[in-house]
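Novice: Generate the whole structure from the sequences, applying the supplied hints.
Protein chains in written order, with our numbering: chain C, 1 to 353; chain B, 1 to 353.
Derived from the structure by calculation, the hints contain no laboratory data.
There may be inaccurate statements among the hints.
Since copy identity is lost for identical chains, a pair holds within one copy or between any two.
[What the hints assert, rightly or not] Derived pair list, reagent style DMTMM-like, types lysine to aspartate or glutamate, alpha-carbon separation capped at 25 Å:
(1) Lys69 <-> Asp306
(2) Lys69 <-> Glu127
(3) Lys67 <-> Glu127
(4) Lys69 <-> Glu18
(5) Lys69 <-> Glu46
(6) Lys67 <-> Glu18
(7) Lys69 <-> Asp318
(8) Lys69 <-> Glu275
(9) Lys67 <-> Glu275
There are 2 protein chains.
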Amino acid sequence: MPARRQPLPPSGIRNTAEFARPVGLARTTVSRVLNGQPGLDPRTIERVQRALAETGFAPNAHAMHLKGKRTATIGICMEDLATPTAVSKLAMLQRVLRARGFASLIEVLPPGAGREVVRHFLSLRVEAVVFIGHFVPEEIEARIAELGANGTPHLVIDHLGLRGANTVSLDRAAGMVAVMEHLLDLGHRSFALLGLSKGPVSRHDRMRGVRAALEARGLDADACTVVPDYLHERRNDFDYGRNLARSVLARAARPTAYVGYNDEIAIGALRALQEAGVRVPRDASVTGFNHQEISRMTVPSVTTIDQNIETTVTTAADWLLGQLGQPLRSRPFVRTIPPRLVVGESTGPARSG
Amino acid sequence: MPARRQPLPPSGIRNTAEFARPVGLARTTVSRVLNGQPGLDPRTIERVQRALAETGFAPNAHAMHLKGKRTATIGICMEDLATPTAVSKLAMLQRVLRARGFASLIEVLPPGAGREVVRHFLSLRVEAVVFIGHFVPEEIEARIAELGANGTPHLVIDHLGLRGANTVSLDRAAGMVAVMEHLLDLGHRSFALLGLSKGPVSRHDRMRGVRAALEARGLDADACTVVPDYLHERRNDFDYGRNLARSVLARAARPTAYVGYNDEIAIGALRALQEAGVRVPRDASVTGFNHQEISRMTVPSVTTIDQNIETTVTTAADWLLGQLGQPLRSRPFVRTIPPRLVVGESTGPARSG
DNA sequence: ACCGTTCGCGGACACGTGTCCGCGTCAATA
DNA sequence: TATTGACGCGGACACGTGTCCGCGAACGGT
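Specialist: Pasting the structure below:
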């Protein structure tokens, strides 16, 4: 029955003193209960906790922290919330931190606003700061220096090659090696590399992996790869991949394998191939990267690389929380996480002909 | 050249007094600069700001807030970070709030832990709390009552039907009406409803929309719909949709239109149809809901409903921030946002035969 | 040399909490 | 009844900041 709709008359309790009075206790006694100090009558504890539940009173965190209590808060800087893998990492990190008793303060860094965001975190006396995603290297290095000056530990997830940065990151080169070996085993010898041409550091790693895999089989990397330069704006990866694949299909000699920078690009390429009447995987193979949900949903499903997000995040959290009491390291901590190949329906034997 | 790797000797400035000393100013003067008080020599302001930039000092936010300064922080409770539309709303809300000078405190509510999370927000003296997603009604109603008792305004996004809750929500019934009218206009008269059968409140609304659209054309809703009950666990929506569609395909009389609860379910159904040799949209039509990225990436792309997320979020933010100074409303604020049909390649004329 | 103005100084108080400590109360025990 | 714990009381201080206020130094104009 909709009986109790009067939502507790606004208690307006502003501090422990006001809270303690109607309970018939002293402010200090309440404080002792809240902080679990010994030497208290169990009935007193019970009384306080019941009043706490009834009034919904929450002691002022700012005063507590001012008095030196730990904030138990980690600041997390995201590049954006549009990249599914980054959001997955965020979600898992948040869960791990919460399980260990830490709250998360999440901010999206608009390019150029990094300074203010980190300042805000420092001002809130966050115990550590995590960066997830790809940022402008100079800017993030400056932020990391600020954190260091402040004695606050930091960690960067998935952005290798930053000077002075502690990093946990997927071994993207190894990921590309796994993709290429899979394709090579299937007999492929000519490859279109979609979206791997230029850009942030994470692509250099990728290209390194591609070259390494090819050269390990005695192949000339330049001779057997096609790297289309699609000059238009890269608005979304699906269309980008579609356009890249189209420009490859316009060539006289078509490669048999299309290697995408990520799953969206791979799916865009898949679409372009299907539109051109090329059957996948019979006539050509397609691979993605990241093992997103979508890679399972297409027809055919896409062969891709799983990031081992759980390993990444727990490694990151373990290390970071282990640093909390410690003095800051002088040498940065760098760790890479091995990826895992997930074979889908989009790859098959190279067409012999 | 990698010259300046020494990242500013840890300044270890702990308060404005320590900060002010080397600048050669009094603590109070620095405080006045920081708070933009009048009557200060421009050169003094300049000096302080340079020192601020050099040392990276950030005054203790806890002390500031304790002294009564606004926290300018909004707490956001998420059901999870796995639902793409919810994450989109979060991202947009975060951006809007930041543009208006508010920080966001984001927490994921594990079922049952709502109490602690809201307490934490209250303890941090958040100025308002937003809930995004679907929650256990009783639990969230209890949280809302707590917030009310505390004098903190709240807003729920996309969860209609909560007692005492201020809500901004998509008009899902209207969304279903739009889908059904689109299909009816194409000549469809028999519909499989996938994932709409039972569950949270948001589905009742949907079913209402479906019935309304059918009855407006003088059709018997029960006679022309098939609602498969797939009893297996609903692990992920893609497989769920695939299984639901399979069970429909096993029937003697197959419907011509497959109406999915969301895009993933629609894409799962699409896959099942393609596997069964049914060509879409020639032999059957498929619709989704939410207009996620994926709906554009499949072959064929999926006809779906756009949530107008931007309108939803700006409406929410406008109203909520407008409430801040005000006394709490006694009657809840409820507003629905109209959806928008996005026609893709997955719908076509009903096959006459 | 005198005066008024401008502006920084520094003491004081408040915000809400944790913690310490001496004191009072009450009940159980000798 | 006298003694001893057990336990709650309430005063005091600290944490870092914003703000108020009276004071004094420096400066420019007469």
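Novice: Next, verify each hint and record whether it holds.
Specialist: Going through the hints against the structure:
Taking the shortest alpha-carbon separations for Lys69 and Asp306, neither the intra-copy value of 40 Å nor the inter-copy value of 47 Å comes in at or below 25 Å. In this homomeric assembly, Lys69 and Glu127 come within 25 Å of each other (Cα to Cα) both inside a single copy, at 12 Å, and across copies, at 22 Å. Taking CA atoms no more than 25 Å apart as the test, Lys67 paired with Glu127 passes in both settings, with 16 Å inside one copy and 22 Å between copies. With identical chains, the CA atoms of Lys69 and Glu18 are at most 25 Å apart both within one copy (22 Å) and between copies (21 Å).
Taking identical chains as interchangeable, the C-alpha atoms of Lys69 and Glu46 lie at most 25 Å apart only when both belong to the same chain, with a minimum of 24 Å there against 34 Å between chains. Taking CA atoms no more than 25 Å apart as the test, Lys67 paired with Glu18 passes in both settings, with 19 Å inside one copy and 18 Å between copies. For a Cα distance limit of 25 Å, the shortest separation of Lys69 from Asp318 inside one copy, 22 Å, qualifies, whereas the shortest one across copies, 35 Å, does not. Taking the closest pair of Cα atoms, Lys69 and Glu275 never come within 25 Å of each other, the shortest separation being 62 Å inside a single copy and 60 Å across copies.
Taking the shortest alpha-carbon separations for Lys67 and Glu275, neither the intra-copy value of 66 Å nor the inter-copy value of 65 Å comes in at or below 25 Å.
Hint compliance for this structure: hints 1, 8, 9 are not met, and every other hint is.
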